[in-house]
Every structure is written in structure tokens, then in C-alpha cells.
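Chemist: Chain order of the listed sequences is A and B. If you count the first sequence from 1, position 569 lands on 574 in the numbering used here, and the numbers rise without skipping. If you count the second sequence from 1, position 7 lands on 382 in the numbering used here, and the numbers rise without skipping.
These are calculated hints, taken from the structure and not from any lab test. Hints are not guaranteed to be accurate.
To be verified - Each pair of labels, with its calculated beta carbon distance range:
1) A:Phe592 <-> B:Gln530: 53 to 61 Å
2) B:Gly940 <-> A:Gly518: 33 to 41 Å
3) B:Gly998 <-> A:Glu507: 34 to 42 Å
Said to hold, decoys possible - Derived PhoX-like pairs (lysine-lysine); straight-line CA-CA distance at most 20 Å:
4) A:Lys305 <-> B:Lys482
5) A:Lys83 <-> B:Lys482
6) B:Lys1044 <-> A:Lys519
7) A:Lys228 <-> B:Lys865
8) A:Lys480 <-> A:Lys305
9) A:Lys305 <-> B:Lys865
10) B:Lys921 <-> B:Lys847
11) A:Lys543 <-> A:Lys569
For clarity, every value in this text was computed on a predicted model and none was experimentally measured. C-beta atoms are modelled at their ideal positions from N, C-alpha and C, and glycine is treated no differently.
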Amino acid sequence: MRNPVWRALILSLALASLLPAQESVENIVKSAPSRGKFPEATAAVVQSRQAFSLDRAGRKSEDYFLVLEVFNLTGREKFSDFRIPLDKNLEKVDVLLARTYKGNLTAVDVEKGAINDVTPPYLADADMYSNLIHRVLSFPAVDPGSCLAVRYRKESIDAPAQMDGIVRFQLEEPILSKELKVILPAEKSLKYKIIGLNSDFRVETSGPDKIYTLTASDQPQVKPEEYMPPLEEIGSRVVFSTYTDWNEACRGFLRSFDQAVRPTPEIAALAADLTKGAATPDEKVQRLFLFVAKDVRSVKLPFGEGGLEVHQAGVVLKNRYGDWKDKSVLLTALLQAAGLKAFPVLANSQAIPVVEDVPSLKQFDCVLVAVSQGNGLFFLNPFADKSQFGYMSGVDGTRGLLIKPDTAEFCEIRGLSGTESESRNEIVGQLDGRGDLKGKIVSEVTGIFDHWARQSLMDSTAKERRDFFVEALNKLQEDTESGNFKVSDLKDLRTPVKVSQEFLARRFGIFQGKIVLLNVPDLPYEFSGQGLVPRLAKRQYPLRLPDKAAVSLTFRVKIPSGHKLLYIPESFSFRKDYGSFDFSTAFDSGKSELTVKKSYTLTIRDILPGQYEEFKKMMDAFSLPRNTLILLERI
Amino acid sequence: MDRTISRLTLIFVFLALPLAAFTRQAQEKPARPALQAEPAAKPAPPPGEDDLPALLALVRQAGGPEKYPEANALVILDKEHIVVRENGEFTSRQHSLVKVLTDKGRKTFAARKIPYHRRYNTVHILRARVIKKSGAVMDVPPEAIKDGTMEETQQMNILEENFRRWSVAYPNVETGDSLEILVETVSKPLIKDHFNYVAAFQSFEPRLAQELTIVAPASRPLKQVVKNGRVDFSRTERDGQVAYTWKIAHVPQLKQEVGMASPADVALKLVAGTFSSWAELSRYGHSLNHGKVDSNDLMKAKVRELTKDCRTEEEKILAIHRYVSQKVRYMGSSMDMGAFIEPHQATYTFEKQYGVCRDKSILMMAMLKEIGVESFDTLINISQRTETEVPTIFFEHAICAVVLKDGRMVFMDPTLELSSSFGETYVGDRYVLLLDERGKDLLRLPHVPAEQSLVFVRGETVVLPDGGLEGKVRLSGRGFSDFGLRSIGKQVPAYQFPMVFQQLGTLLAPTVKVADVKASDFSDLATPYQISFNYKARDYLVDVGKYKMFRVPLASYAFDVMSIGIFEALTDKAERLYPLFLFSTRGSVQEEVISLPPGYEVIGIPDPVRLKDGPLSLVLAAGLKEGKIVFTGDFRIEQSNLDPAGYQSLRRIVKALRRFQKSMVILQKRAEPEKGGSQ
């Protein structure tokens, strides 16, 4: 049974169903549904088959087959240029079939000149790191009603000996039929998790191989909604791996990281220089982190895409740029050189939960650094050059893989205390008899709001910053004059952002006869949370907030003499499992001062569809016309 | 419209590599000069390429953030020497030195891209190094110089691996360091025996010294013009070669503005070329089409099929236009020698059913020829101005000029999949060049008023006794607005279409619930495109004891997808230095009839607005008619590139709109008639 010829024969039989002959491709095309069956889809996957094979020599391959029907011009634009991702140093691809089948079954092949290897646009600034290209097949003669048929074989050039992957069974387009095969030497075992499907792998032994087959049919399309969890999390999928455990899955990365992290004299000298005079270990960590975050340019290449090799920390220091692996290795090296215990942590920046039973590094896309302190850990994001020190944007509360020299274990990633997302805002002013409002805005923000503030303002020049504050006032009232403004030191990542701004809003009060209309303003800046508004009436998928958050606005205004209060909104307060919502109004007739306070606190990130309607109702309450209007009457 | 800025745009990159200054800007965002006030300073001669001490001296003298507080980087030196040969081939040697002033500058300039085309250009990076603040020099290691394809072309759906760029990653860049590069590029002529060039003397960074020399054969005299400012110019002739030199120093930076016109329109720049007239260029362009406007039996049959039920010339032309625009996908690959500007055979494009703008234009011409209609392949600029003084090939796009029986000419764009009108409205006020065997001069097309590109939002609204609101809304458009609405229909998947109007509706009321969203088929160009939906919003009225008050719902412009972006995102700046690019003249008409709850009378309505301000106008009026409130809004912009003065008009218009939007309709409960009533 170990005869390679025999094995090849068995494999080819096993793959026979994956690689249909031309006649059967045409039959598949003939079976394509009418557009009327999927009125909301731009295309449909008529049939998709993927087979991942690992041979005894440790080489892996993927056989891919797809027939996709295009329903309209939108689908044509989206699918007519088919991309095959390819690491040109590690893999080779043979395109075996690339053909358009028109509605009348006329077949038009993709011509040679329409097959091009291009750099993926998202790697535009990272191509010095990656050998990843896209082989693009540009299909000719595609019309609504046409089917595109693709078949290719991708093989590893080296022999990685193990195999892992994530295969999605649900897309934005309906899938009529999908099959996944994983073919392994019989002595290998497969760990896997099937998410969102009711079926399981069928396991067969065929000669020296074990064949795992999973099929699914009529998978509905995912219809994306604003602020929902990523499609990769929402859709049904399979995560599989032949690694026995996480230690084995991490071995290659760890080996490379261990070699790269060894401090050079330059790193030791830099660590000593940066931490000179630091009073506490915390201060050492801060100084070393700030150097790596701010002075080493971040190359945005998702972890794993350029391979797992890590550059030497000394080289990263010399280059002053790096991807996730490289920046984390430099930070770890500096921390270790300063006598601190630090380790890399693999994480998922989109907060897609990691399947911990299946050891596959493909579940991670970023690398953080954990510093051991007493019995605990605290985490550093080496890319976070525009966040409060210790803020874990997007990954706070998720599980990451802590990789120590001897073991890999999961841990909960937490931001530092004091980096919780809060936005506290105040607009205070004095109204005069012409309706002009003169006042001051103060905004103090932490966590995600601090991050947004730094993104908006940190790199701005003095004039750009001035323009920012002038333009922000348009939300209060068009053409409001900006007075003095102050911004805390944005380059100091240890101190939360605080801004203040004086203003004069002419004709803020609108006169209609004897009545003066005042509109209660919204949050003053985009970074303070203006956009956190649920807009959909209902949802099919959870609403994923950027973070748990506490947001408040106080609007206080003195009204001019000769006016009396005609209308002020009523107060309300709601308490729910997932947060609280408070709105209060008051009028101090002695001071002729109106106060409107609104605040909400959200204690979870995902608002589930069942909670959404109630949640929206409470959030809407803040901006109902009756709660945003104050009426005065001239007396 | 991204893809309408098509293949011809690439000429800017490949014919004019020094436009790297622009292309870098394009990676971030585009820009304009404020040069009129400041005459160019007398430049000193730049140092030699290998004179490191002189370069170090320049770096030291350049100044830093204290001198240039609004700049992230400083172009200390940009020197280029080009030698043009008789056949149009040329060799360019470019030497530049950029000083990094801020963190942002470091991130922006630490990687530099040098675009080229594998068939036309050979690029040699002769030197790339970092000059540290200290004066130490670090070479870029070979492994930090990588070859890849261009992202920009992929965005235009040109998936041709010959469109490439070198990427140079400078190591160990800190603020205060300077980045040097010396590149030699040997270019084959895109245009046989001719040379065309455009050079930017201004970018988003201040430029301290720039020198450009073009040495060309005296037999190919260079026409040239400098736009948006002045540059020192000299010309010397020796041994049949003419050296043209432009020098400038201390050029202020352009400023970024959201929605601004193309940097190429506003920057100090040189346009140069060897064509003697537009007519010569027109003839040349026509020569590239020779034999391309061909046909075969299948195409003839298709034309017969398309036109068999058409009664008029216009119907036939429209049938062909719609076929080419919709059936032929915009995509560029297998672009052979000369293909930037030389189209494929019409029969090839017909067979493959994909192509770029000139391919589509040629196919349309071929099909029109089959019905005896004359047409011209026509070059046009979309996002930038055509510089009329010097005939150059720098056009972004190709369309089709169709000659009608009565002699009128209609300009049709077969690249636009969703243009339903007979003739494009966006072409108004733009220059076009018709490619013709006898040669044609540049032609400025007449103004197309906003009237021809209006969007219509019509609503019937009921104010409910419980304080809620119910409404029916219909949207339609004409000209550019029809195209815009159809494009939204195409871009947004059917299941997300209701979400778009739901999201927009929250500008009207947070409680809005949009339902029954229906849209006609965006791709059916023969049928008027229409979107309709219903909505409800609770708690819309404010109950103030004896009064009930509400804002005029459609005055929010919430559902006007064509105008809301202008109001919400493009009018925040107090002033603009550069024109606001709006693509086309356009406008919006809102009509709403509001039924009131029984038992109430209207005691207050918002004051009307009637503004004619420069190229803009706004009319807003609410009045009582047969017990209902009738609201009408009419907003128009008569410039497709709104100049800074026009922008101030827009600001005033939006201010007036906002006041109207915040004003209230005030209702009062009618007094109960006395029992028994009066006689």
C-alpha cells in the first residue's frame, strides 16, 4: 500500500468527483438556478468543491473547483475577475479550467493574456514582507445568466508535514452545493470543528489514506448589516488541523521567534538608554513600548500572510519598520534586555472567537506582547501608536495564545485599568436676546474615544487642527465662530485626551413669532461618539459595538432676561442587563439656567438581535424631536 | 465613476514618470497652489548627483518644522534631466532629496513607489539612501527594493501585470532624516516620433529647488506652457539639439481638501509636447484606429437584432449604445504594444466582451457604422482640466461623438453601464478632441444646465393624531442624477437597498422605519428608473400643551441620495482654496404634500427661502393648500467644478437650508364649535 503509484491512483479516484469532466461541468452549468429563485443575490455558487491533501512526504495540495452563476451587473463586476491567492515562494498553481459558459451554453475560455499575477492591493505597503500574489483570471463574455467555471490545483513546494485551514460554507451569495474533502495518510488524525452546519465529516479509509468528506447544500446567503461581526465569524465554517496540539502548531513560529528575539548589543544598549532613570518596572515597560509603537513604522500585514519567519530583532531595530511579528519581537527583546519577562501573544484583531480545540494558527491575525508582572500579565499592542498606553482596541476580553518558550497556552487579553472607553462631554453657554449662544465645549475621552481623537488630531499640523475645531462646530450650528481651543499632549500616550473649545453660535435660537426654538446639541465631536447611533430598524445579526462604552453629554445654558421657559423635555431613565440610559432636564429659575444631561453606559459589545429593538428604542429616545427641543417665549 | 477615469489616465504615469509627485499624492489624497501671490524665487544651481558634501549642506540649510510648520516633509531637491531622441524615445534621470519633518512624513515617505510599464520602461534605481540627521549615510539594502504590480490600475479594473512599480523601503527613517533617490528610466515612445510631458512643480510638500531639463532634437520643437504660476525658463540650441530648462525655488505646498479638484488642475506645472496642433494630434489618434473599426458577420447580425424594432435613428443609436455599455465589461488585460491609447479591433472586443474605454468606443463606432451613422472616437478629461495651449495626449477617457442626420453631434459614453440618456450631461463645459483623418481642433462643449440632471423626491406625508408620521416617497432622476441613482442600485446589493434608505431616514427621524422599498431594474435603461418606499416614524411631533410642532419632513433632504452628501460632508470648511469637484452640474427637486391631523389649524410655518447665489440657487417654500401643507424645494448647482467663490455660495445656501430645516410647523387645536352651531 505504500507504493506511490497505487497511492496516486487512489488519490485520483478520490479526486475524481472533485474534478468533473467537461461534460459534467456542462451538466452543472445546466443545473444552475434561475435568478428568480434568489432575487436578493447578485450571484450564486452552483457548486464548490475543495480537497486538501497531505501526502506521506509531507507535501500538501489543494484542488479547487467552482461553478458560479452571475445574476446581474453587480455580480458580474464582483466575480468576473477571479483571484487565486498564492505565496510564490511556497506554492505553485496550475489553472486547469477557466471558462465562461454563456446562457446558451456557449463556452469561452479565459485567454492567456487575461491571466495575470498581481500584487494584492491590501499589500500595497507591505510587499517587501510578502511573496503573496493574486493570480487573476479575467473571464470574457460574462453576462447576467452566465456561469464561470474554475478549476485549479495548488501545491506546496516544500513539505510542511502538517496541514490546517479554515473553509467557509457561507458567503454573501447562496451556495447550492459545497463539498470539502481532507485527505490524509491514515496514521494522521484530523482535529476539526464545524460551526453553523448540522452535518459532520464522513470518514472513509481508502488504501493508505483517510478521506474526510463534508457536504452541504442550499446554504443561504449572509446579508451583511452595518456594524455586525465579521462575515468570517457569522458564516458557517470548518476549522481543521492535523497538528496534535498548540505546542506543535506553534513550533515553527516559536523557533523563529526565539532565534530572532535574542538581544544584540545594540538592543541591550537601547533598552538601557530608554529605561535609564525609570523608577519602576511599569515605567520601563512604558518607555520601551512607546519607542516600538511610535518610532518603528508599522507594516500592516496580517499575521501569517507572509509566512511565519520573524526578522531578527536587531534587523528590525536597524530598519525601523516591521509587521506584527517583527514589532513584537523587537518589543519582547527590549523588554527582556531590560530584565522583564515578556512573551508573544497571538490574537484575532476582529475578535473572532478562536476554536481552542483545533490548533491552527490561521485563526490569528496579529501578535501582541504580554509582560509578566507578579501573578498577572499585561498586554501591549506594538501597533498602537495612537492609543492610550495599555488600551487593547478590539481584542479586549478576547482569548489569545500566549507563547512561552516551553508551552503555548490560552489567556484572556485585558486592557489596563483606566483605558475603559469613556466619553465625557460638556457644552456650557449663555444665550443672548438675539439668540446668539456663547460658550465652551469640554470633552474628556479614554479608550476607543481616546484612540479616535488621536487618529483625528495627532498627525495634524497647527492649521489642520484649527480647521478641525472650526469645522466641528458645524454640528452645533452652521457658521459658528470658534474661539480658543486647547488639546492635551496627544503624543503622550499615558495621558487621556482632553480638549476644550470656546465658541459663538450666532442665531442659535430660532425665532418664530414670540417663540424661540433651541435645539439640544449632539455630542460635540466625531471622536466623542457622534456615530454611535443604531440606524437599522431591526437586525438579523448582532450589533457589534467598537467597545463597551460610557458616554455622557451635559448641555447647560443661561437664558436671557425677558424670556420664560415654555417647554423643556421630560427626564427618563432605563436600566437593562446590557447597560443604562439616563436623560434628565432641569430649569433653575433663580439662575435662569437650563440643564440637559444625557448619558448611557453599555456593558457588553454585542447587542443581540433579540435585544436590539429595545436597545434602539432607548438610544432613539435621546434624539426624539421632543427630547431635543427647548422652547422659550418672549415676554 | 472610478473606471471612467480609465486607461488613458495611465498615460500620466507612464508617459510622464516625473508625475511621481502627483502619484504619491494620489496615494494619500489629492491638491493647489497659492502661487499667484508669490513670484518664484531665483533658484541656485543644484549640486551634482555625487556631490555628497553639497547635498549635506542643502539638508542643513533646508530648515525644519519651525520654518515649515504646516509641512510633513520638504522636497529639498528635485532635479530631472531628459534626453529625447528623434523617434520619441527618451531617457530620464531623476535625482530627488526629501527631508522628513514629522511622524506623518516619516510614515508617508519611508516607502517610495516608482511606477513603470514592463514593455515601455526600463527603470534603474541607481541610488537610494537615507541621509541621517547626523550626516551619516545609509544605503537601502537590495532586499528592501521590491518589484510588484500597481494598485492604482487594479482599482481601475486593469488587471495587467505589466503595469508595475518598484517599491523602495528606506530603513531606519527618523524625523529629520533625508531620503535620496536617483533613478534612470529609459522609455520607448508611446506616440511614434513624438514626445509629450507633464511635470509637477508643486506638491503637498514645500519644494525648495526643482530643475527640469529636456534636451530634444531641434527638428522636433517643443511647445510648452507653465500653468498656475511662473517658472524660470531658458532655451539653448547646439548641434541640432535644443535644451529647455525650467528652474524654480521655494514653491509653497498644496493643501489637502476633501472633494477637491484634481491636483493636476491646481498645481504649478509644465505641459510640453511636440505636436504642432490639436489637429495633428487628432490625425495621429485617428491613425491608431486605422483598421480597428472593423466588423464581421456576427457583429452585423447583432446590429440587425438590436435595431430591428427601432423606428427612429435615436432609438437605433440608443440600442447600440446600451449594448456596448452593458454587454461589454470594463476590464483591461492583454494590452498590447500601444494599447494605452491604441484600441483593440472592434471585432476582438465584440468577441471577448471586455475592454477599456477606447475599445468600447471603437466597438460602438463599428456598430454605428453598420447602420450608416457616422461617429468619432473622442478624447475627454473627466476629473481634470484640459490644458488647451499645448496639444498633448494627456486625456483620461474616450467616448463616442455621434453625428445625427440633422448634423447635430451627441456625445455618448459607452463605458458608463448605466447611462440612459441620449447624450451625456456631464460633458458640458468640457473640452473634447475628436479623432479624425483630416484633423480636428479642440472643441469646448456648451454648458449643460442642472435642469437636465435633476433628482426628484416626491412625498405624500400624513401627520398622525398620535404624533407619528407616515409617508410615501418616490425618487427618480434625469441625466446625471438618473445615472447616479442607477449606480447606487447597482452597487448596493438588493438585500441592502432597504437598509440604505433606512439609514438615510434616520436623518429625518431616529424612529423611522422604512418599508416596502421597491426599485425598478437599474440595468433596464429603456425604462425610467424609480425607487419608492413607505416609512413610519413615531414620536415625530412635539406636544407643547396647546401647540403641536413638527419639522417639514422632506426638508431634511434625508432621502435625496444625490444631494445629501454635499450638505452633510462637503460644506464644513469655512473656505476652500481649490474648486470642489462635483463631476456634473446637478440639482434636486423635493415636493411634499403633508396631511394634518383633524381638528388642528396651522398657526406657524417656516419662513420661505429664495436664494440665487452665484452658480447656485435654493428655493424652499411651505404653504397651505386645501388644508394641507405643500412643501417644495429646488436646489441647483450650475458648475461641475465649484470654484472657491461658488463654494461660499454653497455655504450660504446650506446655512439657509439648515435654518429652514430647524424651523417648525406649529399647529393649534381648533376651538370646538359651540353646540348647535351658528346659523
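Chemist: Work down the list of hints and note, for each, if the structure agrees.
Modeler: Status of the hints after comparison with the structure:
1. A:Phe592 <-> B:Gln530: 53 to 61 Å: holds (56 Å)
2. B:Gly940 <-> A:Gly518: 33 to 41 Å: holds (34 Å)
3. B:Gly998 <-> A:Glu507: 34 to 42 Å: Holds, at about 41 Å.
4. A:Lys305 <-> B:Lys482: Given pair Lys305 of chain A, Lys482 of chain B holds - Cα atoms ~12 Å apart, limit 20 Å.
5. A:Lys83 <-> B:Lys482: violated (32 Å)
6. B:Lys1044 <-> A:Lys519: Cα-Cα ~18 Å, so holds.
7. A:Lys228 <-> B:Lys865: Distance of about 16 Å is within 20 Å: holds.
8. A:Lys480 <-> A:Lys305: Violated. Lys480 of chain A to Lys305 of chain A sits at ~34 Å, over the 20 Å cutoff.
9. A:Lys305 <-> B:Lys865: Measuring from Cα to Cα gives roughly 31 Å; hence the hint is violated.
10. B:Lys921 <-> B:Lys847: Outside the cut-off at roughly 29 Å; violated.
11. A:Lys543 <-> A:Lys569: violated (41 Å)
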